Every structure is written in structure tokens, then in C-alpha cells.
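Please arrange chain B on chain A, whose structure you already have, making use of the hints.
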Amino acid sequence: GAGVSQSPSNKVTEKGKDVELRCDPISGHTALYWYRQSLGQGLEFLIYFQGNSAPDKSGLPSDRFSAERTGGSVSTLTIQRTQQEDSAVYLCASSSARLAGGPETQYFGPGTRLLVL
Amino acid sequence: AQTVTQSQPEMSVQEAETVTLSCTYDTSESDYYLFWYKQPPSRQMILVIRQEAYKQQNATENRFSVNFQKAAKSFSLKISDSQLGDAAMYFCAYEGAGTYKYIFGTGTRLKVLA
Numbered sequence: 001g002a003g004v005s006q007s008p009s010n011k012v013t014e015k016g017k018d019v020e021l022r023c024d025p026i027s028g029h030t031a032l033y034w035y036r037q038s039l040g041q042g043l044e045f046l047i048y049f050q051g052n053s054a055p056d057k058s059g060l061p062s063d064r065f066s067a068e069r070t071g072g073s074v075s076t077l078t079i080q081r082t083q084q085e086d087s088a089v090y091l092c093a094s095s096s097a098r099l100a101g102g103p104e105t106q107y108f109g110p111g112t113r114l115l116v117l
Numbered sequence: 001a002q003t004v005t006q007s008q009p010e011m012s013v014q015e016a017e018t019v020t021l022s023c024t025y026d027t028s029e030s031d032y033y034l035f036w037y038k039q040p041p042s043r044q045m046i047l048v049i050r051q052e053a054y055k056q057q058n059a060t061e062n063r064f065s066v067n068f069q070k071a072a073k074s075f076s077l078k079i080s081d082s083q084l085g086d087a088a089m090y091f092c093a094y095e096g097a098g099t100y101k102y103i104f105g106t107g108t109r110l111k112v113l114a
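Chains A and B, in that order, are what the protein sequence lines are.
Going by our numbering, the first residue of the first sequence is number 1, and it counts up by one from there.
Going by our numbering, the first residue of the second sequence is number 1, and it counts up by one from there.
Worth flagging that the hints you see were computed from the coordinates, not collected in a lab.
On a predicted model such as this, the values are computed, not experimentally measured, just so you know.
Watch out, some of these pointers could steer you wrong.
[To be verified] Once the Cα atoms are required to be at most 25 angstroms apart in a straight line, the calculated DMTMM-like pairs of lysine to aspartate or glutamate come out as:
#  : chain 1 : residue 1 : chain 2 : residue 2
1  : A       : 57        : A       : 18
2  : B       : 101       : A       : 44
3  : A       : 15        : A       : 63
4  : B       : 73        : A       : 44
5  : B       : 78        : A       : 104
6  : B       : 101       : A       : 14
7  : B       : 73        : A       : 104
8  : B       : 70        : B       : 31
9  : A       : 57        : B       : 31
10 : B       : 101       : A       : 68
11 : B       : 101       : B       : 81
12 : A       : 17        : A       : 85
13 : A       : 57        : B       : 26
Bound-form chain A, shown alone (with noise of 0.2 angstroms):
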């Protein structure tokens, strides 16, 4: 595609729910990767993929956090049992292969926005 896309734009959810956030990378890109952008906040990173190397879950804050990327394409995030902190914008990037010794500018989406109530 064109550019990093998301869904939902935006969701609502009740306290304990679980939640799935969709990101469909650029095509083509291996690298994919996860931040969470809370109110008056930076980005957070939460996990990165590449390729079929198994990914770095570092960033995750909970157990209740959990990501898969299935086919080297399409990623999604799930949240269980979700907690008002959890109300942020879930932000995906994309990259293309990184080659040694250079930086590869990362391509975000335009977020989900999350309401925990």
C-alpha cells in the first residue's frame, strides 16, 4: 500500500475488555513496530519485529500486552483485560531490511486512538 495503515481509528471499550489494534505495513517493509503515545507524552516503544527474527518485546508494559505479526506482514496488538491507563494512541511504524552502519526512517501510521472507560 501506499502507507502505514491502522485499525480502528479510534476505540471504545469498557474496563477489562480485551482489545486487537491492526497494522498493515508498508509493503514490502520488514521491520514493524509498536509505540504507545499517552496524553501530553512522547512516544513509548513498545515491540519491534524484523523479519522472521523473533521479535524484541522489551518495551511491552504488562503481560497483558501482546503482539504477533503473522506472515511478516499484517501485525496486531492485544491488550487483555484493559485498564484505564491503558487510554492512549497506539502508534505503528514500519522500516525497510536495515542495512549495517545506517539509520532506516521509520514510517508511522496514523495511530488508534484508545478509550478505555
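For chain B alone, kept in the frame of chain A given last:
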């Protein structure tokens, strides 16, 4: 651990004027990359400019330029001839070479006055 600080929560600039957004960072690494991203109300983060730490020359992209002071660990963004469409949140980000995680500052909201 690396940190990125943006000390200006909000800035205003008159249309056609120049504004500078500040960013400082803390790191013990010698090789890294720095980025400025723009986030308009649509929420989509857009890359404005990037700088490789090993390059002494400041990066420039049209009306956007940076003042990269490696010894001072400072990476400010200058926007010349400000336009109404420049109004957005601006985030400074750091990436250590050989890593892939961006570390973001808390952002600066830029208002452009007509």
C-alpha cells in the same frame, strides 16, 4: 540509558518568520542518529529531517535545518519562512547505531500565527 529532552512545551511564530525548536539528549554512545518528526492533528508522524552523528555538516531540507552540536548534545530544528501548515507537534528522536528503538522527547507544540 539514553534520554531526549524538549524543554519547550509550546512555541509560537508569526507566519513567514523563523523559529527554533530545541532538543537535547544524553548518551554515552558515539554513533547514533537524530530525527525530527512532525505530528499534525491527523496524528500521522512525518519525518522532517534526520542527522547522522558522524556527519559534521548540519542537515537541511528546504525550509528546515538543524543545528547539531555533538559535544553539547544539542539538536535544534530551525524552521524558516514559517507557514500555517507547519503548525503541529514536533518530536525529537534518538536512535543508537546498531539499535532500532527510537527514544522520543515529549514534543513541542508549534503554533503559527497569521
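Going through the numbered hints above, which ones does this structure break? Give me the numbers in ascending order.
6 and 11
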